[in-house]
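Just so you know, the protein sequences line up as chains H and G, in that order.
Residues in the first sequence are numbered consecutively from 1, following the working numbering.
Residues in the second sequence are numbered consecutively from 1, following the working numbering.
A portion of the hints provided could be inaccurate.
As a list, the in silico DSBU-like pairs of lysine-lysine whose alpha-carbon atoms are at most 35 angstroms apart [unchecked claim]:
#1 G/Lys19 / H/Lys109
#2 G/Lys19 / H/Lys16
#3 H/Lys109 / G/Lys44
#4 H/Lys109 / G/Lys40
#5 H/Lys109 / G/Lys71
#6 G/Lys41 / H/Lys16
#7 G/Lys67 / G/Lys9
Simulated from the structure, these hints should not be mistaken for lab results.
Source: prediction; values computed, not measured.
One-letter residues, chain by chain:
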Amino acid sequence: AQKITQTQPGMFVQEKEAVTLDCTYDTSDPSYGLFWYKQPSSGEMIFLIYQGSYDQQNATEGRYSLNFQKARKSANLVISASQLGDSAMYFCAMRDSNSNSGYALNFGKGTSLLVTP
Amino acid sequence: DTAVSQTPKYLVTQMGNDKSIKCEQNLGHDTMYWYKQDSKKFLKIMFSYNNKELIINETVPNRFSPKSPDKAHLNLHINSLELGDSAVYFCASSQQLGTDTQYFGPGTRLTVL
Numbered sequence: 001a002q003k004i005t006q007t008q009p010g011m012f013v014q015e016k017e018a019v020t021l022d023c024t025y026d027t028s029d030p031s032y033g034l035f036w037y038k039q040p041s042s043g044e045m046i047f048l049i050y051q052g053s054y055d056q057q058n059a060t061e062g063r064y065s066l067n068f069q070k071a072r073k074s075a076n077l078v079i080s081a082s083q084l085g086d087s088a089m090y091f092c093a094m095r096d097s098n099s100n101s102g103y104a105l106n107f108g109k110g111t112s113l114l115v116t117p
Numbered sequence: 001d002t003a004v005s006q007t008p009k010y011l012v013t014q015m016g017n018d019k020s021i022k023c024e025q026n027l028g029h030d031t032m033y034w035y036k037q038d039s040k041k042f043l044k045i046m047f048s049y050n051n052k053e054l055i056i057n058e059t060v061p062n063r064f065s066p067k068s069p070d071k072a073h074l075n076l077h078i079n080s081l082e083l084g085d086s087a088v089y090f091c092a093s094s095q096q097l098g099t100d101t102q103y104f105g106p107g108t109r110l111t112v113l
């Protein structure tokens with residue numbers, strides 16, 4: 001079974017600094033997809049970035065980048081130049097490769113990020 | 001031009017009642033999902049629905065039933081509500097089953113008294 005682990009329940013970062021949110025995963029499937037979502041205090045789930053297991057390069061989307069280390073089974077999210085609006089809960093997720101699950105997303109427990117002035 | 005919408009945003013009801021949450025996506029996606037987020041913020045899949053095929057997480061009680069009147073809608077019906085059903089319910093959609101990013105609705109906070 002697939003498993004996603006986020007070991008940092010909470011993180012602080014100062015505005016304009018970079019921050020790394022950790023995510024490790026466990027799967028025996030050769031093909032998988034990894035996602036990061038942001039959940040601000042307003043509650044919605046916002047898609048940030050995607051990394052496919054066969055992608056040669058690390059994914060980037062604006063200030064978000066994914067540090068994908070396949071051998072270590074880690075997919076850390078890096079947020080550069082943090083802004084106050086980045087304060088939120090961040091979830092790492094892996095798409096289940098089992099069709100019996102409907103290819104659902106398996107989520108980690110999340111990391112709460114607080115950006116301070 | 002909301003991509004995935006849910007109504008209502010908040011739902012407060014008594015134990016034993018039957019309620020529904022509506023979900024609509026205007027992205028033209030083929031697949032829709034329902035997730036439950038518990039009080040500890042943990043998200044778990046409840047249902048996946050693609051091309052009239054429903055895939056159910058075996059841990060979901062049969063009091064929960066999704067119904068899809070058309071490809072753009074997947075509503076969640078809950079019978080005989082229990083205190084433990086209190087949670088935030090998210091609808092999501094993706095272009096195809098198994099290959100694409102899932103986009104989430106704003107969530108519905110259900111409180112059972």
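Straight-line Cα separation of G/Lys67 and G/Lys9 no greater than 35 angstroms?
holds (19 angstroms)
Checking one constraint from the list: CA of H/Lys109 to CA of G/Lys44, max 35 angstroms. Satisfied?
holds (10 angstroms)
Straight-line Cα separation of G/Lys19 and H/Lys109 no greater than 35 angstroms?
Holds, because 28 angstroms separates the two Cα atoms, which is no more than 35 angstroms.
With the threshold set at 35 angstroms, check whether the alpha-carbon distance from H/Lys109 to G/Lys40 stays at or below it.
Since the Cα atoms of H/Lys109 and G/Lys40 sit roughly 8 angstroms apart, the hinted pair holds (cutoff 35 angstroms).
Checking one constraint from the list: CA of G/Lys41 to CA of H/Lys16, max 35 angstroms. Satisfied?
With a Cα-Cα distance of about 27 angstroms, the restraint between G/Lys41 and H/Lys16 holds, given a limit of 35 angstroms.
Can the restraint linking H/Lys109 and G/Lys71 be considered satisfied, given a maximum Cα separation of 35 angstroms?
Holds: H/Lys109 and G/Lys71 sit about 31 angstroms apart, inside 35 angstroms.
Check whether the Cα positions of G/Lys19 and H/Lys16 lie no farther apart than 35 angstroms.
Distance of about 45 angstroms is beyond 35 angstroms: violated.
Hint 2 from the list above is the single one not met by this structure.
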